[in-house]
Every structure is written in structure tokens, then in C-alpha cells.
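Student: Listed below, chain by chain, are the residues.
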Amino acid sequence: MSTIEHAAELPAWAALVVSVFLVLGSGLVLMGMLGFVRLSTFYERIHAPTLGTSWGTGSIVIASMVFFSVLSTRPVVHEILIGIFVTVTTPVTLMLLARAALHRDRSEGNPEVPEDSPAEMPAEESGEPAGRA
Amino acid sequence: MSHVILACSVVIAQVFLVVAMWLAMVRMFRGPRAQDRVLALDALYVCSMLLLMVFGIRSGHTIYFEASLIIGMLGFVSTVALAKFLMRGEVIE
Numbered sequence: 001m002s003t004i005e006h007a008a009e010l011p012a013w014a015a016l017v018v019s020v021f022l023v024l025g026s027g028l029v030l031m032g033m034l035g036f037v038r039l040s041t042f043y044e045r046i047h048a049p050t051l052g053t054s055w056g057t058g059s060i061v062i063a064s065m066v067f068f069s070v071l072s073t074r075p076v077v078h079e080i081l082i083g084i085f086v087t088v089t090t091p092v093t094l095m096l097l098a099r100a101a102l103h104r105d106r107s108e109g110n111p112e113v114p115e116d117s118p119a120e121m122p123a124e125e126s127g128e129p130a131g132r133a
Numbered sequence: 001m002s003h004v005i006l007a008c009s010v011v012i013a014q015v016f017l018v019v020a021m022w023l024a025m026v027r028m029f030r031g032p033r034a035q036d037r038v039l040a041l042d043a044l045y046v047c048s049m050l051l052l053m054v055f056g057i058r059s060g061h062t063i064y065f066e067a068s069l070i071i072g073m074l075g076f077v078s079t080v081a082l083a084k085f086l087m088r089g090e091v092i093e
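Protein chains in written order, with my numbering: chain A, 1 to 133; chain B, 1 to 93.
Quick caveat, the hints were computed from the structure, so don't treat them as lab data.
Check before you lean on any hint, since a few could be wrong.
To be verified - With beta-carbon atoms standing in for the labels, derived distance ranges:
hint: 1; chain 1: B; residue 1: V4; chain 2: A; residue 2: E44; range: 39 to 45 Å
hint: 2; chain 1: B; residue 1: L74; chain 2: A; residue 2: W13; range: 43 to 49 Å
hint: 3; chain 1: A; residue 1: P75; chain 2: B; residue 2: R88; range: 42 to 48 Å
Stated by the list, open to error - Chain B stretches covered by chain A per the calculated footprint, using a threshold of three residues with CB under 8 Å from any CB of chain A:
hint: 4; stretch: 3-16
hint: 5; stretch: 23-31
hint: 6; stretch: 41-50
hint: 7; stretch: 69-80
What the hints assert, rightly or not - Computed from the model, here is a short list of chain A residues facing chain B with C-beta under 7 Å:
hint: 8; residue: I4
hint: 9; residue: V29
hint: 10; residue: G35
hint: 11; residue: F36
hint: 12; residue: I82
hint: 13; residue: I84
hint: 14; residue: A100
hint: 15; residue: H103
Values in this document were obtained by computation on a predicted structure and should not be read as measured data.
All residues carry an ideal CB built from backbone N, CA and C; glycine is no exception.
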């Protein structure tokens, strides 16, 4: 296994920090995907990939930031854009997807999903509420 | 010594992410319903984005950061579009 040539001047502590964060992040992504394959219902499965999108992404972003900052001896923080973007967009997509799945299950009359709660009913009758795109 | 550890951990991270992509693809082909496949596609996007970031660390170029940012944005937009399609397609039916 060859070493990485451009990282030859990387100090040992930085290499260790980058290694720990890389293995931690990718291990979290792998754990989330294992749960994604193994869990039984969709509403359980929708939780599993968030392990990768929260700390999996965060840890790999931190590893990349530390690596390029130490290597170029100046703070390189533009990777934080990916972290912020993924953190902001993942709840939005998963809420939309869970809403769509719930709507599909309810319209099929699937008995495993709960019915519309009474608190939601007047909000749905008075048009689209502001919080639901 | 520490550089050997770094090289090993980069390879380990790449292997983990590729295995995670395979698992997402298993769910995408096997997933019983459409929402499982959409969720698997979203997870696949996230995995490929992280794989590109790890590849950027391995190769030392910051160009891969921009590619992974674009992948993240396209993944968000496509998942939102597919979720809207899932919700509205059955309303029309």
C-alpha cells in the first residue's frame, strides 16, 4: 500500500486526525446503509441514511478541512459549505418524502399507518398551511 | 508511519463508501415501493458526494470539492422533485 505523495510534509498529528475522522465518517455512512438494507418498514428505513448525512458528512468534511488547512498552511474552510448544505437540505427532503409516503399509504387505505389526526383536519380544509410546501 | 496510516484510512474510507453505495443500490433494486427507491437514490447521491471528497483528499486537488458540491445540490433537487411526483401522481389518479 503506497503512501500519499503530496501529503509527505503533513505532520503526524494532522495525519492521525484526518485518518480518525475519515474512518469514523465512512464507518457511520456504512452503518446507516446497513440499517437501510436491514430495517423492515419504510418509516424505520427513512431514519437510517441520516446517520450518513449528519455525522458521516460532518466528519469527512472536518477531515478534508484539516487536511487542506494543514497542507496549505492557511485556513481552508470552504468544505463547510457542503456540511451546511447537507445539514439544511436533508430534513427538507426527508420530510417531503415521508409526507409523500404517508399520503400514498393513506390513499391506499393501508391499515398500518395512523389516520389523519383531528388537529390536522381544520388546517387541511382551509387550504395549504404556510409550513407545508 | 503516520502517512501509512493516512493512506490506509483513505483506502478504508473508500471501501466503506463503495460498500455503502452497493447497499443503497441493493435497496434501490429490491425496494418494495417507489419511496424506498427514491430514498435509496438520495442515499446514493450522499455516498457519491462523500466518495468524491475522500478522493479529493487522496489526490490533493480541491477541484473535487466543487464536483461534490454540485452532486449535493443536484441530489437535493432531484429528491425533492421525485417526492413531489410521488405525492401528486397519486392525487391525479
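Student: Does each hint hold? Answer for all of them.
Tutor: Right, here's what the structure says about each hint:
1. B:V4 to A:E44: 39 to 45 Å: For E44 of chain A against V4 of chain B, whose Cβ atoms are near 40 Å apart, the range 39 to 45 Å holds.
2. B:L74 to A:W13: 43 to 49 Å: Given about 36 Å between the Cβ atoms, the range is violated.
3. A:P75 to B:R88: 42 to 48 Å: Hint holds: Cβ distance 45 Å, inside 42 to 48 Å.
4. 3-16: holds (count 13)
5. 23-31: holds (count 4)
6. 41-50: It holds: at least three residues are needed, and the stretch 41-50 of chain B offers 6 whose Cβ sits within less than 8 Å of chain A.
7. 69-80: Since three or more residues must qualify, the claim that chain A covers the stretch 69-80 of chain B holds, with 6 doing so at under 8 Å.
8. I4: Holds, about 5 Å.
9. V29: With a minimum Cβ separation of about 5 Å from chain B (threshold 7 Å), the hint on V29 of chain A holds.
10. G35: This hint is violated: G35 of chain A lies away from chain B, its Cβ roughly 9 Å from the closest one there, beyond 7 Å.
11. F36: holds, 6 Å
12. I82: holds, 6 Å
13. I84: Check failed: Cβ of I84 of chain A comes no nearer than 10 Å to chain B, outside 7 Å.
14. A100: holds, 4 Å
15. H103: Since chain B brings a Cβ to about 5 Å from H103 of chain A, closer than 7 Å, the hint holds.
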